[in-house]
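Undergrad: This is what each chain is made of:
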Amino acid sequence: MRLTKFILSRIMVWLLTILVGITVVFFLQRMMPSDPIETMISKMTSMGTNLSPEALEAMRESLRRQYGLEGTLFEQYLSTITRLVHFDFGLSMANYPTPVAQMIGQALPYTVCLLMTTTILSWIIGNAIGLLAGFKKNKWYSKTLETVSMCIYPTPYFMVALVIMILMAYVKQWFPLVPSFDDFTFTWAWFSDAVYNSFMPALSLMLVGTGWWIISMKALSSNVAEEEYVNYGRMKGLTEATIGYRYVFRNSILSQVTALALHIGGAFGGSLMCEIIFGYPGVGQMVNTAINNSDYNLLTGVIFISIFAVATATLLIDLIYPLIDPRIRNS
Amino acid sequence: MMRIENISAQYQTITGPVVSVKDVNFTINDDEIFGIAGESGCGKSTLLKVLYDVIQFPLEIANGRVVLDYTDRSGQRRTLHSGEIKRAWWDAISYVPQAAMSVLNPVYRIDEQFYELFRRHRKGEGEKAMRDRVVQYLGELDLPVDILKSYPHQLSGGMRQRVVIAMATFLQPNMIFADEPTTALDVVVQKSILMMLMELQSRMHNTLVIVSHDMGVHYQITNRMGIMYSGSLMELGNTEDIFSNPLHPYTQMLIGALPKVGDKSTREGIPGGPPSLRNPPPGCRFAPRCKKACPECSQSVPKFVEVAPGRFAACHLLGK
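Chains A and B are the protein sequences, given in the same order. Residue 281 in the numbering used here sits at position 281 of the first sequence, with consecutive numbering throughout. Residue 172 in the numbering used here sits at position 172 of the second sequence, with consecutive numbering throughout.
Source of the hints: derived by calculation from the structure; they are not laboratory data. You may find that some hints are simply not true.
[What the hints assert, rightly or not] FRET-style restraints, in silico, Cβ to Cβ:
id, chain 1, residue 1, chain 2, residue 2, range
1, A, Lys143, B, Thr79, 48 to 56 angstroms
2, B, Ser156, A, Gly265, 37 to 45 angstroms
3, B, Gly124, A, Ala241, 17 to 25 angstroms
4, A, Ala241, B, His81, 22 to 30 angstroms
5, B, Lys128, A, Tyr141, 37 to 45 angstroms
6, A, Gln106, B, His153, 24 to 32 angstroms
7, B, Leu258, A, Ser255, 47 to 55 angstroms
8, B, Lys291, A, Lys143, 53 to 61 angstroms
9, B, Arg122, A, Ile11, 46 to 54 angstroms
10, A, Thr258, B, Val18, 35 to 43 angstroms
11, A, Glu226, B, Ala308, 25 to 33 angstroms
12, B, Gln220, A, Met150, 31 to 39 angstroms
13, B, Pro259, A, Lys143, 53 to 61 angstroms
[Stated by the list, open to error] With a straight-line cut-off of 25 angstroms between C-alpha atoms, the simulated SDA-like cross-links for lysine to any residue are:
id, chain 1, residue 1, chain 2, residue 2
14, B, Lys86, A, Ile215
15, A, Lys136, B, Gln56
16, A, Lys136, A, Lys5
17, A, Lys5, B, Gln154
18, B, Lys128, A, Lys5
19, B, Lys49, A, Lys5
20, A, Lys143, B, Gln56
21, A, Lys136, B, Ser102
22, B, Lys86, A, Lys5
23, A, Lys139, B, Ala184
24, B, Lys292, B, Ile221
25, B, Lys303, B, Gln56
26, A, Lys139, B, Val307
27, A, Lys137, A, Ile215
28, B, Lys123, A, Lys5
29, A, Lys136, B, Ser150
30, B, Lys49, A, Ile243
31, B, Lys149, A, Ile215
32, B, Lys264, B, Lys149
33, A, Lys5, B, Ser150
34, A, Lys137, B, Lys149
35, B, Lys260, B, Pro281
36, B, Lys264, A, Ile215
Bear in mind that the values here come from a model prediction, so they are computed numbers and not experimental data. Backbone N, C-alpha and C fix where the C-beta goes; we use that ideal spot for every residue, glycine too.
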């Protein structure tokens, strides 16, 4: 019963997040000083197209309908919500008449795969190293690892990315400067080629991400390592491996799971710069193009999908959390 | 049996070592409840750490050693010294800590925490036997079996303390050290926990060493006891003798301060406070507060000597 209540409340939060997201995007666009349709028409007429006033009016009318700009503000708002929850984002303005949904559908898997792999890998690696560094904080290797991560973490992301690019694609030419992907086939060759092509962007994201996990896990686990129950565990004559896993790790990983949920939103934003720098064909790259081309439909679509993806990932982690923390499970 | 041979222990600080246990000599026998009494900061917890061999920076042994003599499960006599006593942890000696409220691992059920001890110290006795033993043992202690499936945060403070005691005694160690096992509990729970400790001791015939600032606790449950003041033992002997005939002025004043049923006169406290361990007074450390102090007391440290069979005290007045 309490479980159902817990799940329901999390789903409500999830729905609310998405609704607030849509609302903000909707009103933000309406607050922009330029009218997208007038901009389009003036662009067309300035290029020398001569149209009769009736034809212009008809065009205005059809464009309005197409972009959902008919009726009062409230009607527009409702129709926007209805369209968005059906994943109908209209047609791209820059790549007319390709539907936005189709464009996103092509780019999204690349971003999701890149982000999932790097986020999860750097979470695992960073926490493993951080645990070691916090639990055995007086050992030389712990100090070395911490210093290295302290140096990497505050470096601006684009610096890390550019250094990797220069070293691995220009000086050494180990990896292609611009990744290219063949059409998807379910073969080993395709996967190994994809890994090869996305190695540099993945490495750059992981270096920066891992640094943060190492620092935070080190701080957490060295605090937990000083708790009474850890000390008492030693006095029970338990082995260091047991203390490390059952006492320190299990008690410090809880906050790291929460942090992972919060981190996913940030990771989505972080992929924007990564994809632009490396020319990786994902959603981040698409946002860049959409902004440059004033492609409002594409922008709305990408923003909605980002909100949806981040909210869903957070929901999933929220639902997993009680499985690892008995105090949440029972309250 | 445990012999404490001339132990001094100190804490390293930035301004130099602070000696908090000084020249302590005594023996804890098999099959007895031994009490260590003293006010806060007199070094009783430090002494217990030294006895249990938890020497962690900044604590260090400056002098002397602790010798543990015991018969292990296979019936063999073993002798361990300070630094080796760790090897017998939980197998031959166990510890009930001061803050029993927060010593259970918050993310595991109580049964898991019992099993983890079993798996470490009784390898190869089988999972089934282990589960049965835990359930049976809780039954013997009159603890409800359903606490095994609880997490520590679901139990009350008194119950957690009982669980910790159950864990410490589960593998039937030869010696159990309890550091203020009843502090932070209300009087009713205190009593039942003391009864539990006494009962366990009389059933297992092992040794229980109990540290407490509460003279009432010592009077109720210990067979022999030592009185500590400012890092040294002042008096040691059978608990009954100490209460009926205290020899050292400090003990006399401590006992004089205890309330008695039917006696309505105002109790007298001991004026002043214990000296700083960083900069202790010369001679007897109790001299500045002692009503019977003579000039000699502030010049030389009295020896801790056997004044009657099994009765030790450190006071210049006793030789006269």
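Undergrad: Straight-line Cα separation of lysine 86 of chain B and isoleucine 215 of chain A no greater than 25 angstroms?
TA: violated, 33 angstroms
Undergrad: Need the status of pair lysine 5 of chain A, serine 150 of chain B: alpha-carbon distance at most 25 angstroms?
TA: Status holds; Cα separation ~22 angstroms.
Undergrad: When you take the CB atoms of glutamine 106 of chain A and histidine 153 of chain B, is the distance between them in 24 to 32 angstroms?
TA: violated, 50 angstroms
Undergrad: Against the range 53 to 61 angstroms, how does the distance between the Cβ atoms of lysine 291 of chain B and lysine 143 of chain A compare: consistent or not?
TA: holds, 57 angstroms
Undergrad: Between lysine 86 of chain B and lysine 5 of chain A, is the straight-line Cα distance small enough, at 25 angstroms or below?
TA: Roughly 49 angstroms between the alpha carbons, so the hint for lysine 86 of chain B and lysine 5 of chain A is violated.
Undergrad: Is the straight-line distance between the alpha-carbon of lysine 137 of chain A and that of isoleucine 215 of chain A 25 angstroms or less?
TA: holds, 12 angstroms
Undergrad: Looking only at beta-carbon atoms, does the pair glutamate 226 of chain A, alanine 308 of chain B fall within the given range of 25 to 33 angstroms?
TA: violated, 46 angstroms
Undergrad: Holds or violated: lysine 137 of chain A with lysine 149 of chain B, Cα cutoff 25 angstroms?
TA: Roughly 34 angstroms separates the two Cα atoms, so the pair is violated.
Undergrad: Given a hinted range of 31 to 39 angstroms, is it respected by the beta-carbon distance of glutamine 220 of chain B and methionine 150 of chain A?
TA: violated, 56 angstroms
Undergrad: Can you let me know if the beta-carbon spacing of arginine 122 of chain B and isoleucine 11 of chain A is within 46 to 54 angstroms?
TA: Once the Cβ atoms are compared, 47 angstroms apart, the range 46 to 54 angstroms for isoleucine 11 of chain A and arginine 122 of chain B holds.
Undergrad: Would the pair lysine 303 of chain B and glutamine 56 of chain B pass a check requiring their Cα atoms to be no farther apart than 25 angstroms?
TA: violated, 30 angstroms
Undergrad: Quick check: does the Cβ-Cβ distance between serine 156 of chain B and glycine 265 of chain A fall within 37 to 45 angstroms?
TA: holds, 41 angstroms
Taken one by one, the earlier hints fail for this structure at numbers 1, 6, 11, 12, 14, 16, 18, 19, 22, 23, 24, 25, 26, 28, 29, 31, 32, 34, 35 and 36, listed in ascending order.
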